[in-house]
Each structure stands twice: as structure tokens, then as C-alpha cells.
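The numbering of the sequence shown is UniProt numbering, which starts it at 1 and goes up by one.
These aren't lab readings, by the way, just hints derived from the structure by calculation.
Hints are supplied without guarantee of correctness; some may be wrong.
To be verified - The list that follows gives simulated cross-link-like pairs (lysine-lysine, PhoX-like), each with its CA atoms no further than 20 Å apart:
1) Lys177 <-> Lys190
2) Lys64 <-> Lys77
3) Lys133 <-> Lys190
4) Lys77 <-> Lys127
Treat the numbers as computed from the prediction; the structure is a model and nothing was measured.
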Amino acid sequence: MSPPAAELCAGLLSIKLRADLWSASLRGEDRLILMNGSNPCEGYIGIYHNNKLGYIGDKHWSDKTEDVVCKSTQCGKGNGSTQEHAMWPRDPVWLNEVKCEGHERHLGECKHPGFGISQFDTGTLRKIQCSKKINISLEGYACAGAVKYSTDAGLTYSGYFCKDSGWDEDASNILCKNLKCGTAKEIPKKPWITLKQSEKMRADCSGIKDLTNLWQCANDTKRSPCPNPATVICSDHEILQLYGDTSNVCSGWLQRREGKAFSHFINNKRSKEWCERMHCGTYANSGLAPDGKGEQGLQLNCTDNVRVVLMDNEKPSHCYGEVYIKLNDSLQPVCASGWTDMEAEVVCKELRCGNVSFQI
């Protein structure tokens, strides 16, 4: 006997809803992160749903599921996993019985019964390892610079994080903390370098509580413009200079900025690293001596000879011309982007040429 039409329609509707549920995709706020690993691309799989952190169950677990998780977290491909008993409350297990084919871009595109639906509980979680080994550092100075990353544990450089796509104080703070550089002191507004053909990564830390590493915020930038790299100055960044020798800025009294003024900085135990920190080559020699003003200072000499020169028609000129940096025997032009009267005044003062008359 055929079922009534109403029952048949209801049955079809139930099947359709079930199919939709199995193919449901993760929404923007449903963020996957890896936690408690020795590397940002290793750890337990966490997921934020309805602003609450939960976990992924391991029923029907497969290598294809691992590949999709690693892809979702910008971590490459799966490289194995272990089944471990969690040493903390696992509730809620937001997703379980996940079945992936391996081609999905995100775990939410895999088949699953829905959030909080599966009651199957093994009492264990998967600790996953992905192929990428992330190293994030600052290019420029110790505790200050452009935020770059490597996917092979720092052996080679891979790309930069973007300044104009989600970079904020949360991202800056977690980076400074991970680098043992204190907290974020400043996010410079002017770009430090040009990205050119570098790989780019966007940082979006919104909705993630208790961040442990910056890569948990990583998102690809295929749909976002990224003209400038993210830069940050951490609180432990020391601004140093060598003062007193106008013919070579890599020789003189070592000074450190305190507030808006520079004062003598004496640290013999670390004197060999200062030259590299100031991009002055390597350490040559140093010694304590009076500065002629009644104070004791550290006289430091580095191997490089660096000074500002002015050029006119490719020849040295006096108090006018294009600005170059002479590094030992090579000349490098100074980029004009971001150049202001303030920089011009510094050049004139350094060359003992009075004040700026005009500049082009």
C-alpha cells in the first residue's frame, strides 16, 4: 500500500534536510586552530563555534581528514597524528564523525552530522602534525621590524604578514610575547619595505581567545589586497646609536634612547652584538673612556664604514645634491618615499651644512 502523499513529502523533506546537514559548511566565525603543540602546525584540533571553544572528535578519522585540517590552518599537508587522552575537559566536542575526501578547502566542507549532534565519545582527541614548520620573526631590528614568516623552520624565508588586512594590537601583542620582546609598543603607520613578489598572509585574530601563537590567526590573502607588510615595535626594542664621529656612523660613543633623548649606554658583556644590531658589520674593538664632558662612556668601533654623502651628476658635492649612503666602497641611493623636512634637517646637521635651504 502506498504511503499518503503528506507522509511521502515529509519523508523526502527529512532526507533533504539530513543531506543539507551533512554537507553544511563552517561559517566565518567557526575557526579552526591547533593547540598545545611544539610548533604552530602541530597540536590538538580546536574549533570556535558560537564564540565557544570546542574540539573535533576522531570517529571515522582518516589521513584525508588530516590533510583538510592542515590545509584549513595554512599548515600544508597532514604528516601523521596520535590518539591521546586529553588531560583537560573536552566539552564540547563540536564536530565528530567527519568524513573528508581530501579535496575540501575547509573541514566544514566535509560530511558531518552537524555541530553538537554526534554523541559518540572515545574519550580521546587527535594530536596532529602537519608538513609545515612555522617560524615567525621580525626583519629589521631586534624586537622591531616587518613581520615575516618561514614554513621550513626558518631555513628559508617564505613571505610577510599584511598590514592592511586585519593586522591589529592583538596580533602585535602575541608576536612580541612569542619573541620574548615584551608587548606591542607601536604599530608604525608608514611602510618599512615593499612586498613585491613575496608570499602574503593575512592575520585575523577576531573571535580567538587565549591566543598562543600568531599562526592561529593566519588566513590566505587571495581575495584581499596586500600592498604593505605588517610592522611592529615591541616594548623591549632598544634604539641605539654611535655618536661623535661624523665621518663614520659606525664608530663612536654607544648611546641608547631613553624617552626622547639619548644617553650613554655601557654594556661590555654584550658589546660584540651591538654592531650587528645597528647594521654596522661586526665588532672591531671597544673600550671605556671619558667623553670630555665629565662622563664615562663606551667607545665602540665596528668593521663597516658608513656615512651620508651628497652627489651631483654622479660626483660628490658639498651641501647640496642627491642623498646617498656610502657603505665602505659602495654607494646606495636613499629612497624618497616618506622623505620629509625632518630627514633633510638631519642630513644637513650631520654634514655640518647648516639648515635646509630647499629640497626637490
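Quick one, are lysine 133 and lysine 190 close enough, alpha carbons at most 20 Å? violated, 30 Å
Assess, step by step, whether the Cα of lysine 77 is no farther than 20 Å from the Cα of lysine 127, and give holds or violated. At roughly 14 Å apart (the allowed maximum being 20 Å), lysine 127 and lysine 77 satisfy the hint.
For a C-alpha distance cap of 20 Å, please report whether lysine 64 and lysine 77 respect it. holds, 9 Å
Taking 20 Å as the top limit, are the C-alpha atoms of lysine 177 and lysine 190 close enough? violated, 23 Å
Hints 1, 3 from the earlier list are contradicted by this structure; the remaining hints agree with it.
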